[in-house]
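**Student:** Here is what each chain is made of, one letter per residue.
Number of protein chains: 2
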Amino acid sequence: MMDVKVLRLGHRPSRDARITTHVCLTARAFGASEVILSGEEDPKLMEGVEDVVRRWGGPFSVVYRRNWQGVIDSWKKDGGEVIHLTMYGLPARDVVPGIRDNGKDKLIVVGGARVPGKVYSLADYNVGVTNQPHSEVSSLAVFMHMLLDGAEFDLKFEDARIEVIPQARGKMLREIDDDGD
Amino acid sequence: MMDVKVLRLGHRPSRDARITTHVCLTARAFGASEVILSGEEDPKLMEGVEDVVRRWGGPFSVVYRRNWQGVIDSWKKDGGEVIHLTMYGLPARDVVPGIRDNGKDKLIVVGGARVPGKVYSLADYNVGVTNQPHSEVSSLAVFMHMLLDGAEFDLKFEDARIEVIPQARGKMLREIDDDGD
Numbered sequence: 040m041m042d043v044k045v046l047r048l049g050h051r052p053s054r055d056a057r058i059t060t061h062v063c064l065t066a067r068a069f070g071a072s073e074v075i076l077s078g079e080e081d082p083k084l085m086e087g088v089e090d091v092v093r094r095w096g097g098p099f100s101v102v103y104r105r106n107w108q109g110v111i112d113s114w115k116k117d118g119g120e121v122i123h124l125t126m127y128g129l130p131a132r133d134v135v136p137g138i139r140d141n142g143k144d145k146l147i148v149v150g151g152a153r154v155p156g157k158v159y160s161l162a163d164y165n166v167g168v169t170n171q172p173h174s175e176v177s178s179l180a181v182f183m184h185m186l187l188d189g190a191e192f193d194l195k196f197e198d199a200r201i202e203v204i205p206q207a208r209g210k211m212l213r214e215i216d217d218d219g220d
Numbered sequence: 040m041m042d043v044k045v046l047r048l049g050h051r052p053s054r055d056a057r058i059t060t061h062v063c064l065t066a067r068a069f070g071a072s073e074v075i076l077s078g079e080e081d082p083k084l085m086e087g088v089e090d091v092v093r094r095w096g097g098p099f100s101v102v103y104r105r106n107w108q109g110v111i112d113s114w115k116k117d118g119g120e121v122i123h124l125t126m127y128g129l130p131a132r133d134v135v136p137g138i139r140d141n142g143k144d145k146l147i148v149v150g151g152a153r154v155p156g157k158v159y160s161l162a163d164y165n166v167g168v169t170n171q172p173h174s175e176v177s178s179l180a181v182f183m184h185m186l187l188d189g190a191e192f193d194l195k196f197e198d199a200r201i202e203v204i205p206q207a208r209g210k211m212l213r214e215i216d217d218d219g220d
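Going down the list, the sequences are from chains A and B. Going left to right, the first sequence walks through residues 40 to 220 as our numbering numbers them. Going left to right, the second sequence walks through residues 40 to 220 as our numbering numbers them.
The shape of chain A in the complex, shown without the other chains:
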């Protein structure tokens, strides 16, 4: 089973806190094992994401690395591949099947305000979820949905304290005790 991590570039706590939080929660819900934050440090954001993991289960971690290029370099050195999501890239529909089937671990890079030009050359793939402007959150979600071929609906999270019981109307939450019941 391939490992998928997400590298979030250029985080700015003042402007990006909610968007980056949505990036982290989307990464988790669609089966990534980790988000690596770069840009400015943001302990409060990381605590918020860790709190979701404590309640809703994992495994999922969020870490901070100032040196994003080192993250990319060591990922590639370890045999993984790097997919940069950008509206300028090749259509996801055309490239996802090849990316999915090669079995390599994936580092998915999503940009912030200004993505350094070097990211485009370091990435193994520059991929657009359409070539229209929208959101790193939606790009990540749809790319991972396509990468997993919809298997996000089958994911099980370990050590969850709560889970949703899906309903046609209203809300139902189940609390899970320490025995897993």
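No wet-lab data here; the hints were simulated from the structure. Some clues are possibly wrong.
In this list, chains with the same sequence are indistinguishable; a pair is considered to hold if it fits within one copy or across any two.
Calculated lysine-lysine pairs in the BS3-like style (CA-CA distance at most 30 Å, straight line) [as the list claims (entries may be wrong)]:
1. K210 - K115
2. K83 - K143
3. K210 - K83
4. K210 - K116
Remember, predicted model here, so these are calculated numbers, not experimental data.
Based on the hints, put chain B in the right spot on chain A.
**Tutor:** Frame of chain A; chain B shown alone:
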């Protein structure tokens, strides 16, 4: 061809400006014809979205309606159906095929901070893009991707002034003059 619009509930300019902007741009990129904003008015946000439409094409509009319940009621009265995206709902994978194939116009409702309980009963479907917490932006994108069966990659936008020429590396933009060349 069915019409798809998005109703964004409970917008707060101070907190939600970027998330709601991403909701609007995602709606446009995935083929919705309009976003209806409710909550507090936010002319600056609407101008930003309209500027994207002027440059990247349409048709796409963003309007404000204080009375969200009136929007839902008249949509249903006109024969359309209402799909509320919520992590508490039935899995999208199970319900999207039926929603897609009935041919009715769709009003997709995405919540803000506090979704009134009434939304769950007014909606024809309460649908979860997984039953995990993540983002209204990612939920909207993946739901629309599934609803369109991936056809967002074929969408053409009218009267665009610029468009992306997809590249394996780097960025290429084409400016389009008044003759469409």
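**Student:** Against each hint, give a clear statement of whether it holds in the structure.
**Tutor:** A quick look at each hint next to the structure:
1. K210 - K115: between (43 Å within a copy, 23 Å between copies)
2. K83 - K143: neither (33 Å within a copy, 44 Å between copies)
3. K210 - K83: within (28 Å within a copy, 34 Å between copies)
4. K210 - K116: Only across copies: K210 and K116 sit 26 Å apart there, 46 Å inside one copy, limit 30 Å.
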